[in-house]
Amino acid sequence: DSGVTQTPKHLITATGQRVTLRCSPRSGDLSVYWYQQSLDQGLQFLIQYYNGEERAKGNILERFSAQQFPDLHSELNLSSLELGDSALYFCASSVEAGGVTEAFFGQGTRLTVV
Amino acid sequence: GQNIDQPTEMTATEGAIVQINCTYQTSGFNGLFWYQQHAGEAPTFLSYNVLDGLEEKGRFSSFLSRSKGYSYLLLKELQMKDSASYLCAAELPQAAGNKLTFGGGTRVLVKP
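Just so you know, the sequences run in chain order A and B. Quick note, the numbering used here runs 1254 ahead of the 1-based positions in the first sequence. Quick note, the numbering used here runs 13 ahead of the 1-based positions in the second sequence.
Any given hint could be a false lead.
[As the list claims (entries may be wrong)] Only pairs whose alpha carbons sit at most 25 Å apart, straight line, appear in this in silico SDA-like list of lysine to any residue:
#1 LYS1263(A) to GLY53(B)
#2 LYS124(B) to GLY53(B)
#3 LYS70(B) to LYS1263(A)
#4 LYS1263(A) to THR57(B)
#5 LYS1263(A) to GLN38(B)
[Said to hold, decoys possible] Where chain A lies over chain B, by a calculated footprint (3+ residues, C-beta under 8 Å):
#6 76-89
#7 114-123
To be clear, the hints were calculated from the coordinates, so they are not data collected in a lab. What you are looking at is a predicted structure, and each value in this text was computed from that prediction instead of being measured. Where is the CB? At the ideal position from N, CA and C, for every residue including glycine.
Kindly generate the complete structure, drawing on both the sequences and the hints.
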């Protein structure tokens, strides 16, 4: 158990809908990262938050947004869902935003858009 | 930009050794991570290299050459449970947001 909690574990929804994925980082970790992993694809970095502020942005679509709350949990919002958004969405957390630090991954949310 | 390349698949025999290579081209670089990921599960940390050289951790070792933009993960005494994807990831410096940029992963199949 990495200490990073993601909910829900599975989500099935229809095209055009909106969903929210939730992540609770390890106790004491200030950084939260979101990654998307499509079938047989590598991990694609979406966005990073550090202590409530957006720190880095990757290949995140405009239909997607995220935030980190004062208690450091984070939510990833996906709207106007398309079939191609079906993927595993991972959240990871680490202690710092700088330096070489290990990121711990949650078990992921498997999103299926039908 | 950032580019991280690793082979897509490798097959090896139980008890053997396998070396997974990773080459990277990044505009900045803190260190190089290796993660293991079983299908449908979360990636788990294996090792990281900051300085050139070999880091050994039990059956797993990782090597880094910063000047060549090259790393490898060495898996010794392969076991069936080592069948998984192995992800190479470069950590960018703080100015870029300290994000891990992953390669596409190498799927290793261990056969009896």
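Any hints this thing doesn't respect? Which numbers, in order? 3, 5 and 6
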